[in-house]
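Asks: Each chain, written out:
There are 2 protein chains.
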Amino acid sequence: MFDKYKIILASRSPRRRELLSGLDIDFSVEIDKDEKEAYSANMPHDEVPEFLARHKSESFYRQLSINEALITADTLVFCPMCNGTGSIADCEILGKPSDRREAVDMLCRLSGITHYVTTGVAIRTINDIRSFSVTSEVTFKSLTKDEISYYIDNYMPFDKAGAYGIQEWIGYIGITSIKGSYYNIMGLPVQRLYGELCDMLR
Amino acid sequence: MFDKYKIILASRSPRRRELLSGLDIDFSVEIDKDEKEAYSANMPHDEVPEFLARHKSESFYRQLSINEALITADTLVFCPMCNGTGSIADCEILGKPSDRREAVDMLCRLSGITHYVTTGVAIRTINDIRSFSVTSEVTFKSLTKDEISYYIDNYMPFDKAGAYGIQEWIGYIGITSIKGSYYNIMGLPVQRLYGELCDMLR
Numbered sequence: 572m573f574d575k576y577k578i579i580l581a582s583r584s585p586r587r588r589e590l591l592s593g594l595d596i597d598f599s600v601e602i603d604k605d606e607k608e609a610y611s612a613n614m615p616h617d618e619v620p621e622f623l624a625r626h627k628s629e630s631f632y633r634q635l636s637i638n639e640a641l642i643t644a645d646t647l648v649f650c651p652m653c654n655g656t657g658s659i660a661d662c663e664i665l666g667k668p669s670d671r672r673e674a675v676d677m678l679c680r681l682s683g684i685t686h687y688v689t690t691g692v693a694i695r696t697i698n699d700i701r702s703f704s705v706t707s708e709v710t711f712k713s714l715t716k717d718e719i720s721y722y723i724d725n726y727m728p729f730d731k732a733g734a735y736g737i738q739e740w741i742g743y744i745g746i747t748s749i750k751g752s753y754y755n756i757m758g759l760p761v762q763r764l765y766g767e768l769c770d771m772l773r
Numbered sequence: 572m573f574d575k576y577k578i579i580l581a582s583r584s585p586r587r588r589e590l591l592s593g594l595d596i597d598f599s600v601e602i603d604k605d606e607k608e609a610y611s612a613n614m615p616h617d618e619v620p621e622f623l624a625r626h627k628s629e630s631f632y633r634q635l636s637i638n639e640a641l642i643t644a645d646t647l648v649f650c651p652m653c654n655g656t657g658s659i660a661d662c663e664i665l666g667k668p669s670d671r672r673e674a675v676d677m678l679c680r681l682s683g684i685t686h687y688v689t690t691g692v693a694i695r696t697i698n699d700i701r702s703f704s705v706t707s708e709v710t711f712k713s714l715t716k717d718e719i720s721y722y723i724d725n726y727m728p729f730d731k732a733g734a735y736g737i738q739e740w741i742g743y744i745g746i747t748s749i750k751g752s753y754y755n756i757m758g759l760p761v762q763r764l765y766g767e768l769c770d771m772l773r
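Note that the protein sequences, when read in sequence, are chains A and B. Just remember that this note's numbering sits 571 ahead of the position in the first sequence, which is counted from 1. Just remember that this note's numbering sits 571 ahead of the position in the second sequence, which is counted from 1.
Be aware that a few hints might be false.
Copies of the same chain are indistinguishable here, so a pair counts whether it falls within one copy or spans any two.
Mimicking DSBU-like on lysine-lysine, the simulated pairs with C-alpha atoms at most 35 angstroms apart in a straight line are [said to hold, decoys possible]: (1) Lys-667 to Lys-712; (2) Lys-604 to Lys-577; (3) Lys-712 to Lys-604; (4) Lys-750 to Lys-712; (5) Lys-575 to Lys-716; (6) Lys-750 to Lys-716; (7) Lys-716 to Lys-577; (8) Lys-712 to Lys-577.
Hints were generated in silico from the structure; no laboratory data involved.
Produce the complete structure using the sequences and hints provided.
Replies: In structure tokens:
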């Protein structure tokens, strides 16, 4: 489909590999060991995922050759604050929990409310870059303490923004509805990505 | 979790087995060879999936023992008509396509619009039955003829209502957004089912 290009996915996430595979395209995975995720505290929250995806792309450890296309992505969870307006700008960013206590805290906060998940994506060739981000809404039922404990102890969601994977048990029993793209919540907005790849590489 | 009961799933669908497994519960599968899917043409469309799920349950080929709980389900796709109001009552039911021509026709009709997917579920024990249905919305981008042909020839969606699986290539490249439960669109509303099982069997 995109046979003029060698597509490279720079991501540690096995979920992103699986999702990109679902587009039936050939690609290879190259992990950038020096990848950094820093952003300015002043940046509007909803711009952070796309910024991080571009940053990962532009700071990739090696130059691209003429027929290569690099895909990078970053997913963040945005949790409305008790006294906020509910818009993303007013949300707190939840990254990956550093320990069990932080994972419990994140899931307690997401319990019973609607939050946002945004994935930023960058596609770069030797002389072009484009980036975009996609936001989806996720609503959890009120989770019990037992449900939160069972999930954390059995699924160890320490590599996941917001301390959950929608494709895991907690997503099955706890998510009452979503609005937008399921795959975006998993970590890659494949429908939009496919359209952008068609535009850019064909 | 529901260890007072032996849970039985009566479904041919490998997707439903996978979805029920995601709830981390033990169950066995028993397929009823004589299963029928008939319903009256006068029945309001949105009542059909739940009716079929109950019918599958009540006509199960054998009696249940005292500690058994039987789960049955039926998923249908509802496609708005050109001149309709867009409500489910005004939609046409799309079942499984009988051949390639019918699959092409179904996907052409779903292309570029929002449709509904409803799964009806029944849970029955020896002296109790409860049933419910869950509806989700799915929006496809405009699909090209090439995309429809590629999908049908490579994925053979003849066992799927509406001629598509959201978890397959066409769902990845073609579905711009959903509203409701992703797993319901795949064939089983696991979040609601989990809640009903907790209520009924614990």
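Asks: Given identical chains, is Lys-712 near Lys-604, meaning Cα to Cα at most 35 angstroms, within a copy, between copies, both, or neither?
Replies: For Lys-712 and Lys-604, neither the intra-copy (38 angstroms) nor the inter-copy (37 angstroms) Cα distance is at most 35 angstroms.
Asks: Up to 35 angstroms between alpha-carbons, please classify Lys-750 paired with Lys-712: within, between, both or neither.
Replies: For Lys-750 and Lys-712, both the intra-copy (15 angstroms) and inter-copy (16 angstroms) Cα distances are at most 35 angstroms.
Asks: Within, between, both or neither: how does the pair Lys-716, Lys-577 come out at a Cα-Cα threshold of 35 angstroms?
Replies: Answer is between; shortest inter-copy Cα gap is 26 angstroms, intra-copy 47 angstroms.
Asks: Is the C-alpha distance from Lys-750 to Lys-716 at most 35 angstroms within one copy, between copies, in both cases, or in neither?
Replies: both (26 angstroms within a copy, 27 angstroms between copies)
Asks: Using 35 angstroms as the alpha carbon limit, work out where Lys-667 and Lys-712 are close: within a copy, between copies, both or neither.
Replies: Both ways: Lys-667 and Lys-712 sit 21 angstroms apart in one copy and 33 angstroms across, limit 35 angstroms.
Asks: Between Lys-712 and Lys-577, at a C-alpha cutoff of 35 angstroms, which is it: within one copy, between copies, both, or neither?
Replies: Between copies, since 27 angstroms is at most 35 angstroms while 43 angstroms is not.
Asks: Regarding Lys-575 and Lys-716, is the shortest C-alpha distance of 35 angstroms or less found within a copy, between copies, in both, or in neither?
Replies: between (52 angstroms within a copy, 23 angstroms between copies)
Asks: Give the relationship of Lys-604 and Lys-577 under a CA distance limit of 35 angstroms: within one copy only, between copies only, both, or neither.
Replies: For Lys-604 and Lys-577, only the intra-copy Cα distance (21 angstroms) is at most 35 angstroms; the inter-copy one is 49 angstroms.
In this structure, the one hint that does not hold is number 3.
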